[in-house]
Each structure stands twice: as structure tokens, then as C-alpha cells.
Amino acid sequence: LIDLSRCLLRKYHPGPLEIGGGRREAQDLLTQIAQLQEENKQLMTNLSHKDVNFLEEEFQKHEGMSERERQVMKKLKEVVDKQRDEIRAKDRELGLKNEDVEALQQQQNRLMKINHDLRHRITVVEAQGKALIEQKVELEAYLQTKEQEMGALRTELGKLREKVQGEPSQNGEDIQVEEPNKEEYISESEKMAMDLKDPNRPRFTLQELRDVLHERNELKSKVFLLQEELLYYKSDEADEETRPPQPTTLINPKPSTQQESGIKRLIFTAIMPMVAAGLIPDDPTLQPIRRLMSLVGTSVF
1 LIDLSRCLLR KYHPGPLEIG GGRREAQDLL TQIAQLQEEN KQLMTNLSHK
51 DVNFLEEEFQ KHEGMSERER QVMKKLKEVV DKQRDEIRAK DRELGLKNED
101 VEALQQQQNR LMKINHDLRH RITVVEAQGK ALIEQKVELE AYLQTKEQEM
151 GALRTELGKL REKVQGEPSQ NGEDIQVEEP NKEEYISESE KMAMDLKDPN
201 RPRFTLQELR DVLHERNELK SKVFLLQEEL LYYKSDEADE ETRPPQPTTL
251 INPKPSTQQE SGIKRLIFTA IMPMVAAGLI PDDPTLQPIR RLMSLVGTSV
301 F
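Each residue of the sequence shown is one higher than the last, beginning at 1 in UniProt numbering.
Where hints are given, some of them may not hold.
Capping the alpha-carbon separation at 20 Å, the derived lysine to any residue pairs in SDA-like fashion look like this [unchecked claim]: (1) K136 to L219; (2) K113 to K130; (3) K113 to T123; (4) K220 to I133; (5) K234 to R119; (6) K136 to E86; (7) K222 to D117; (8) K90 to E102; (9) K130 to L226; (10) K220 to R121; (11) K222 to R121; (12) K82 to Q71; (13) K77 to R88; (14) K113 to V124; (15) K220 to A131; (16) K113 to L230; (17) K130 to K146.
I should point out that these hints are in silico values taken from the structure, not numbers from a laboratory.
Only a predicted model underlies this, so the values are computations on that prediction, with no experimental measurement involved.
Required output: the full structure, derived from the provided sequences and hints.
Set out below in C-alpha cells:
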């Protein structure tokens with residue numbers, strides 16, 4: 001302000017003050033300057049008070065904001081911790097699900113392999129069944145041919161018997177010689193050949209019957225082993241599944257039962273006369289037939 005007053009004096013009064021009016025103006029200016037200085041002081045004091053109040057208000061506002069921010073940060077931290085825990089739990093569940101998926105994939109691969117093996121075994125069993133059916137057909141054809149041959153032999157035997165009976169006897173000695181031969185011939189014919197209407201007439205030789213029995217036993221053992229393996233695989237598969245196990249079913253039961261019944265019918269109708277005659281003494285599979293024949297014999301006699 002002093003510099004300003006000096007500048008104003010130099011501007012308006014560049015020369016010496018020779019007139020009294022100029023002094024008055026200078027005095028007025030000085031008084032104005034003094035007033036301005038006082039106003040400036042008041043303004044400065046007011047400004048200082050306002051600054052202090054403003055700073056206090058700002059500090060209070062800042063304190064309030066910081067407390068609010070603390071609460072907000074605390075809540076955010078709690079939310080973040082909660083979400084982190086949830087993420088960890090989800091990661092754990094995801095790991096368990098991945099392990100379950102891997103186990104299911106391994107089980108699926110194992111079941112696919114077992115299914116492939118079972119299909120292969122089924123094809124093998126079907127092929128064996130077809131082969132057995134073909135063998136059965138061949139045996140039936142062979143039986144028919146044998147029956148035809150035996151029928152032809154019986155007719156020829158009947159003709160020879162009629163011819164022998166029709167010849168006149170020349171002397172008593174010839175009759176006595178021929179009679180035991182005739183009885184022996186008749187006994188042998190009764191043992192080896194019977195009437196065509198007899199269901200128990202012999203149709204096989206001893207060696208053929210033994211071959212058929214041996215083959216029957218081998219086939220039954222093979223079928224039994226295959227059934228056991230199939231039941232084992234089915235039980236293993238049922239144990240691994242969550243659902244209750246289903247009852248196991250045999251593969252293609254009808255052809256096997258029909259085939260077995262046909263073989264039994266052929267064997268029993270063929271071997272019963274030989275069992276009755278005692279031509280097969282050492283076969284253990286014929287014990288039930290022997291008991292049946294003994295019961296039939298006791299009931300007849």
C-alpha cells in the first residue's frame with residue numbers, strides 16, 4: 001500500500017507541491033490508504049477465522065468420510081473373504097466331480113471291454129450251437145440210414161427164417177441138429193434186433209454209443225464253463241452298477257434245451273436195450289438208466 005501511495009503521488013504530482021490543495025488531496029489519499037489498510041487487516045482476520053472454521057469442517061468431513069470408508073472397506077473385505085471361501089468350496093467340488101468323471105470313464109472303458117468280450121463269447125457260443133445242431137441233424141440222418149439198413153436186414157432175416165422153416169426135414173438127426181441152431185439163431189436175433197415198432201430197439205453199436213456219450217459230456221462241460229463265465233461277468237457288472245442286479249439269463253436257451261432233449265432222447269432210446277442186455281458194464285453215466293431198467297424189470301416180473 002505504501003508503494004501504491006507513492007506511485008500515485010508521483011503520477012499526479014510529479015513536481016514539488018507548491019499549492020495547498022495538493023497537500024489536502026495527499027492527506028485525503030493517506031487517510032484513504034489508512035482506511036484501506038484497516039479494512040485489509042479486518043479482512044485478513046476474518047479470512048483467518050474462516051480458514052480455521054473451514055479447515056475444521058474439512059477435517060470433520062474427512063474424519064467422517066474415513067470412518068465411512070473404513071466400514072465400507074470392512075464390508076467389502078468380508079464379502080471378498082466369503083466369496084473366496086465359496087470359490088475354494090466350488091474348486092473342491094469341481095475336483096471331486098473331475099475324479100468321479102475319471103472313475104466313470106475308467107468304468108465305462110472296462111464295461112465296454114467286458115461287453116466286447118461277452119459279444120465275442122456269444123458269437124462263439126452261437127457258432128458252437130449251430131455246429132451242434134448240424135451234428136444233431138447229421139446224427140438223425142445217420143440214424144435213419146441205420147434204421148433203414150436194419151429194417152432191410154430184418155426183412156431179409158424173416159425171409160431166411162421162413163425159408164428155413166419151410167424146408168422139409170430129411171431125417172430126425174437133421175432136425176435135432178437144426179433145432180438148437182434155430183433156437184440159438186432166434187436168441188441171437190432177439191438180442192441184436194427187435195421189432196421196428198419197439199421204441200427200445202438198439203440203433204447204435206457199442207463204440208458209437210460211447211463216442212456219442214463222450215462227445216455229449218465234452219459239450220456239456222464246455223457249455224457249463226461258458227455259463228459260469230457269463231454268470232461271473234454278469235455278477236461283476238451288476239456289483240459295479242448302482243441299480244440292483246438283474247437276474248441273469250442264459251444265452252439262446254431254447255436251441256440248447258431242444259438240442260439236449262434230442263440228444264437225451266436219442267441216447268436213452270438207443271442204449272436202453274444194451275443196458276438191459278448188460279453190454280455196457282463200466283460207464284458211470286448209465287447208473288440212472290440201470291436203476292430205471294431194474295425198476296421196470298421188477299415191476300414186469
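Results for each hint:
1. K136 to L219: holds (13 Å)
2. K113 to K130: Roughly 26 Å between the alpha carbons, so the hint for K113 and K130 is violated.
3. K113 to T123: holds (15 Å)
4. K220 to I133: At roughly 14 Å apart (the allowed maximum being 20 Å), I133 and K220 satisfy the hint.
5. K234 to R119: Status holds; Cα separation ~13 Å.
6. K136 to E86: violated (72 Å)
7. K222 to D117: holds (17 Å)
8. K90 to E102: holds (18 Å)
9. K130 to L226: Holds, because 16 Å separates the two Cα atoms, which is no more than 20 Å.
10. K220 to R121: holds (16 Å)
11. K222 to R121: holds (12 Å)
12. K82 to Q71: holds (16 Å)
13. K77 to R88: Cα-Cα ~16 Å, so holds.
14. K113 to V124: holds (17 Å)
15. K220 to A131: Holds: K220 and A131 sit about 14 Å apart, inside 20 Å.
16. K113 to L230: Roughly 14 Å between the alpha carbons, so the hint for K113 and L230 holds.
17. K130 to K146: violated (24 Å)
Checked against the numbered hints given earlier, the structure breaks hints 2, 6, 17 and satisfies all the rest.
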